[in-house]
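Given these sequences and hints, build the entire structure.
This is what each chain is made of:
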Amino acid sequence: GEDVEQSLFLSVREGDSSVINCTYTDSSSTYLYWYKQEPGAGLQLLTYIFSNMDMKQDQRLTVLLNKKDKHLSLRIADTQTGDSAIYFCAESMQDTGRRALTFGSGTRLQVQP
Amino acid sequence: NAGVMQNPRHLVRRRGQEARLRCSPMKGHSHVYWYRQLPEEGLKFMVYLQKENIIDESGMPKERFSAEFPKEGPSILRIQQVVRGDSAAYFCASSTPRGGGETQYFGPGTRLLVL
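In the order they appear, the protein sequences are chains V and S. Just so you know, this note's numbering puts 160 at position 93 of the first sequence, and the rest follows in order with no gaps. Just so you know, this note's numbering puts 1558 at position 91 of the second sequence, and the rest follows in order with no gaps.
One thing to keep in mind: the hints can contain errors.
To be verified - Pairwise CB distance ranges, derived in the manner of DEER restraints: (1) S:Ser1525 - V:Met122: 28 to 34 Å; (2) S:Gln1548 - V:Gln179: 44 to 50 Å; (3) S:Lys1538 - V:Asp136: 42 to 48 Å; (4) V:Thr97 - S:Lys1494: 24 to 30 Å.
Hints were generated in silico from the structure; no laboratory data involved. All values reported here derive from a predicted model rather than from experimental measurement. For glycine and all other residues, C-beta sits at the position ideal for the given N, C-alpha and C.
See the structure below:
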C-alpha cells in the first residue's frame, strides 16, 4: 500500500542548512514532490524529482533520492526565517495511472534567528 | 496567468446545512483534484476530475459528498448535511498532462468550519 512518512518537527538556526527527510513504501512511485505550506495558505510547489534521478539541485534546494531505501530528502542551504513553514513530501505513480498525490504528514521547520 | 482560484476562502456552516466549494483551475489546465486537510495532518486525496468526467473518486466518502467539473464554469465540491467532522481545509489542485509527467498546482484552499 501507499505510505509516506516524515518526521514532525525540525529546528535550525538562521544560516544553517536544513535537511528534511521522507520515506515512502511504494516502489511504483514515479514522481516525488516537495511542497511548502505557510500558515493559513495553500501549498507551493518547491521542486520535484523523477524516480530515475538521484539528485536535483535548484538554487538553495537540493533533493536527494535513494530509490533502494525509498528515502527522499530536501536540503535547504543558508536557511532563512522566511523558510519557516510546513514541508510536505508527496508521491505519485503516474506510470500506473494513479495521478493523485499521496502526502506525508508534513515536517514543521522552525528557523531561529 | 492567474493561479488556481478557490472560493470562498472561509465558510461557516451549521450542522445539517450544505457546503459548496468552488475551484477554478489555472488557464489551460483540464484536470482538477480535490484534497482534504484535517488539522495537523497532511492532505488526503478525495477525487480527480476532467471536464464532465469523474476519473477517480476512490478518496471520496461514500455518502454526502459529490463533485463535478462541468463543461463551463468551476469545479464544485458539494457536502450535504455537514457534520462537525467535515471541518477541514479543502484544497483544489489543477494540472495538465505532459509527456514528462504532470505537476499539480494548488489553490489557497477553503477552510470549512461546521458549528
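A quick look at each hint next to the structure:
1. S:Ser1525 - V:Met122: 28 to 34 Å: holds, 33 Å
2. S:Gln1548 - V:Gln179: 44 to 50 Å: Check passed, 46 Å falls within 44 to 50 Å.
3. S:Lys1538 - V:Asp136: 42 to 48 Å: Hint holds: Cβ distance 46 Å, inside 42 to 48 Å.
4. V:Thr97 - S:Lys1494: 24 to 30 Å: At roughly 26 Å between Cβ atoms, Lys1494 (chain S) and Thr97 (chain V) fall inside 24 to 30 Å, so the hint holds.
Against the hints set out earlier in the document, no violation occurs for any number.
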